[in-house]
Every structure is written in C-alpha cells, then in structure tokens.
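Asks: Sequence:
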Amino acid sequence: MINLLNISPAYEPLAYLVLALVLGSLLGMERTLAHKTAGVRTYGLVSMGSALFILIAKYVIPTVEAYNYDPMRIAAGVVMGIGFLCGGVIIFKDSQLSGLTTAAGLWVAAGIGMAVGYGLVMLAVFATAATLVVFTLFWFIEHKIISRT
Numbered sequence: 001m002i003n004l005l006n007i008s009p010a011y012e013p014l015a016y017l018v019l020a021l022v023l024g025s026l027l028g029m030e031r032t033l034a035h036k037t038a039g040v041r042t043y044g045l046v047s048m049g050s051a052l053f054i055l056i057a058k059y060v061i062p063t064v065e066a067y068n069y070d071p072m073r074i075a076a077g078v079v080m081g082i083g084f085l086c087g088g089v090i091i092f093k094d095s096q097l098s099g100l101t102t103a104a105g106l107w108v109a110a111g112i113g114m115a116v117g118y119g120l121v122m123l124a125v126f127a128t129a130a131t132l133v134v135f136t137l138f139w140f141i142e143h144k145i146i147s148r149t
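All residue numbers in the sequence shown are consecutive under full-length UniProt numbering, ending with 149.
Errors might be hidden in some of the hints.
27 Å max Cα-Cα, derived DSSO-like pairs, lysine-lysine [to be verified]:
#1 LYS144 to LYS36
#2 LYS144 to LYS93
#3 LYS144 to LYS58
For the record, the hints were derived by calculation from the structure and aren't laboratory data.
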C-alpha cells in the first residue's frame, strides 16, 4: 500500500479508516443539518465500512494468490450492498418521491470510502467536497429556480 499519509505502515490502515469515517461524517453532517433521515452516523459508517472491506481485500490478496482470488469481487459486493441499503431509503408515497438525494449521497459515500481504502486520498477528498457542493450550492440554486416558477 502506498503510504500517502506519511505514517507508520502498521497504523496506515487505521488512519485510512479514520479518514473514511471523517469524510463520510462530513457528508452526514450536511444531511443532518438539512433534516434528512440519514445523518452523521449512517454516512460515516457507510464510508468507513466501504474502506474496511477494501482494506481487508488488499491485505488478504497476498495470502490467497494461489487460489485465483479476484479483489474486485469485494468492491462489487460493496457496491451491491450499498445499492440494497440505498433502495431502502427511497420512498414513494402519494405520488411523492423522497429519499433519492439521500440514497445517491450514501452511494457516493460508499465510493469515497472505497477510494480511501484503495489509497486514493485526494480523489476521496475531492469527491467529498464536490458532494458537499451538490448538497448545498445546487440545493440553493434549485430552490431559487423553483421559487421563480
């Protein structure tokens, strides 16, 4: 694993987990402030959990190389699992759709956690910032347009 955080290799996986938790929690903080159902704990756990599975896969690969182990199966499993979780967040009631942005945010939080797990720290930080822009600035623009119509 590339040591992008400049810490002892023994502590690097822990640092990646903490980073994924922090980045996911930032997204969750915005959702909490916007009074949405999934908040700090949910987003933090999704992001950290995704990073955890990727880190496990990265450390298991060298021990099972003789068995033709495909590490991308873990990543695919994370994506499938988060899809199941996000599907439960989306609610359609009385011709109203709700939870779609929260579900999309959780999906992105999983991607951010996976990026951290793979050591793509700058990508994860940028994706977090971009998602916060979508959650806040785009919400503001969207509501300005709606209020004019």
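Asks: With reference to the structure, classify each hint as holding or not holding.
Replies: Status of the hints after comparison with the structure:
Distance check on the hinted pair: LYS144 and LYS36 sit about 20 Å apart at the alpha-carbon level, within 27 Å; holds. Of the supplied pair hints, the one linking LYS144 and LYS93 holds, its CA atoms being roughly 25 Å apart against a limit of 27 Å. A C-alpha spacing of about 46 Å is found between LYS144 and LYS58, which places the hinted pair above 27 Å, so the restraint is violated.
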